[in-house]
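Order-wise, the sequence lines are chains A and B.
Take 500 as the starting number for the first sequence in the numbering used here and just add one per residue.
Take 503 as the starting number for the second sequence in the numbering used here and just add one per residue.
FYI, nobody ran anything at the bench for these hints, they're computed from the structure.
Among the clues, some could well be false.
[Claimed, not checked] One side of the interface only, derived from the structure: several residues of chain A facing chain B at Cβ under 7 Å: (1) R505; (2) P562; (3) P599.
Built from N, CA and C at the ideal position, the CB exists for glycine as well.
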Amino acid sequence: MAAVKRITKELAEFSNNPVPGVSAGLASEENVFKWNVILTGPPGSPYSGGVFTLNLTLPQEYPFKPPTLNFTTKIYHPNVSNDEKGSMCLGILRSDSWKPSCKIAQVLEMAAGLLKEPNVDDAVETSIADEYKNSPDSFEKTAREWTRKYAK
Amino acid sequence: MSAATSFNFSVIVIPSAARSNAANLDFPTLNQSLSFALEVSSPSDFQTLYSQDSKGGNTFKGLLYVPDLESTDPCDNHELVPRNATRKSNLPMDDLKLIAYAPLITQHCSRQYMYSAENDNVAAFIFYGVPSKYSNHTDPLQGEDYPFEYPVYYLDGAIGQPLMNKLADYSANMSEVYNGFNLTEAGYDIRDYARIYAVISTRNTNPMPGLWLFLLVVVAVLLFIIGASSLLMHLFQFHYRRSLRRRIANGEVDLEGLGVGRITVPREFLAKFPLYQYVAENGGQTTPPRQKAQPDTTQPTSREEGRKKDKVKIPGAVVVKEGVSIVIPATISTERKSKGKEKAKDKPKSPTTNTNTPNTPNTPNTPNTPQPPEMTEVSTSRGLTLASPTSTTPSSKSRSSPRVQSPATSTPQLGTLTPPIATPPPHARGYHQTSCPICLDDFIHQETTVRELPCLHIFHPECIDPYLESQSSLCVLCKQSCLPKGYVPIRLTNAIVRRERLLRTVRERSREVAAANAAANGGSESGGIIWRWRMRRLRRQEQDLVGRQALVRAGRGHYGERARGGGFGLGPQYREHREVEDVVRPRWRETMDRIFPGFR
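Chain A with its partners taken away, still in its complex shape (with noise of 0.2 Å):
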């Protein structure tokens, strides 16, 4: 199974070569479309200090579908659905932008970018991306308050 055998290989790759601030595996051994990703809160941010996990599922179609990235740790923040499913909005994930030869570590990287620097024009949750913009202080406060409350 081709997608199986790209999957494993990307992991193999990931741990010899892991991004900063990223930590990943698979959720259980047996099946590998099922990944845990742990992201440490970049410093400087208001989510410094703060632990996310996050599930990172691969479609049976993989790599000619993209993965999908949700947050399991409540996150105040423009480009994740504030929900239990916690979605996480990244440009090359849809699936018109997405192209297979994008590899797991690169969408982790992007996720880890998003952390550091929101994107406002591919936001999910309007309204904090308008307290984003227009307030960026109370942004900061209630983000820091939720890294404390939940990423903790």
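Place chain B on chain A using the hints.
Showing chain B alone in chain A's frame:
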């Protein structure tokens, strides 16, 4: 019209005492062995001369008699009519039902009989034919409008004359009638009346009354209208389908963008995409590239065929086959290695050198290729840049290239005079891609077999083939369609035509709305009432269209697809809605759609 079907004549006995129920003539018929009975049912024995629309019953019943004429009338006492034939005066009562009976002698006599019968209020009149020495006409009125209310029938003379004689037999009292003695012996009263009773059965010859005919006409007209409009609609739909097919073939419509299900690459097209042995772009560090360029000799013909059929014109492909050695001389390749690194990435891919020759877009094999080959410097280093003709068309270039290539590369002094050389195909130059984007395995130089798509991206055939065959027709890297231009991979249905039209209106309207918005922002908001009203209408339409756009886009099932005006979860909702609409359609709607494809 009520035409006679049969005549029945029999003898009935009317008791002299009977008065009350006499009008119905509900009396027993005499035993046939004692009297007489006659049935005439052969159509050749009678005719219907005049008949009125039947009022009530289909039979005429009455006692047979010969109408009285004026005693001065020459027709009276005619030798054909026995003196003692039953007359009105021989009948027991006045108010009995009667059927007149007379020979058809002259027209005058017939008419006299009929007037007399009219006075007697008969139920019907029966004429019978007579030998031609008395008369030769069979129509008592001969063309005049029929003035009477009773029907008139005609009996053949061979039956009619004996019947007249019988009528004479049954005119007197019981003792004097035919076989009278036996009848009185049999118990009939001598004062009773034995008379001939006639029953004329008719049938309706007009089974289709006017109302039914009218209804039938109405139904026929309706059917015709339905059929005609259905035909018209089908014609229109056919026309729309054909024009959509034409536009798809012209490349004006993006089929994948229509979201009409999965478009895949059929196996026969897939087989035509060339397979090459992978050649690294800078892979031949020691060997000159021309050796790499040598096509795999096991299947060169099929490759060439495939290219031609695909209309992916790669002029260089011919060159490769005929004389690979001329493509890139060894000396140049070493040159390239030294200089290639700095210049390659952003240079146009013309091997002819000329940075000022804008032939890049003309070379058909390098459209939008994301990996520019590093061949540019080949001739730059040799000073060929100067004045290659820029006006040559791509076709002339590609045609002439095989012939002139050799001098162009080997004798650089002539460069100014020779037309530019077509770009050699990537497999001759070496590929920019180093690994398969799907499995991420590296291609091995001169070993791996790669599938080259029309967009010139390469993959392992085992990686890309199943995807193109079952998932999509787009290259996974550049999203360019792998199907040949003009190929319509799906059966175009009316639904697709509708969807395409909807999408087109959506795009047009959103442009219109955008223009209107721009105008509103630019101009003063305090325009007239009409202007403001138009703006409001346009905005409303825009909202509606955005919703519909989401509906259309939802068909493609993107993860995270968001409608502009809606929320995050709009896509799936709309998709569900659409599926419900498409799948659970009642049968009558389906039939309706089949008959009237234009409604909806």
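Exercise for review: Check each numbered hint against the structure and report the violated ones by number, ascending.
Suggested key: none
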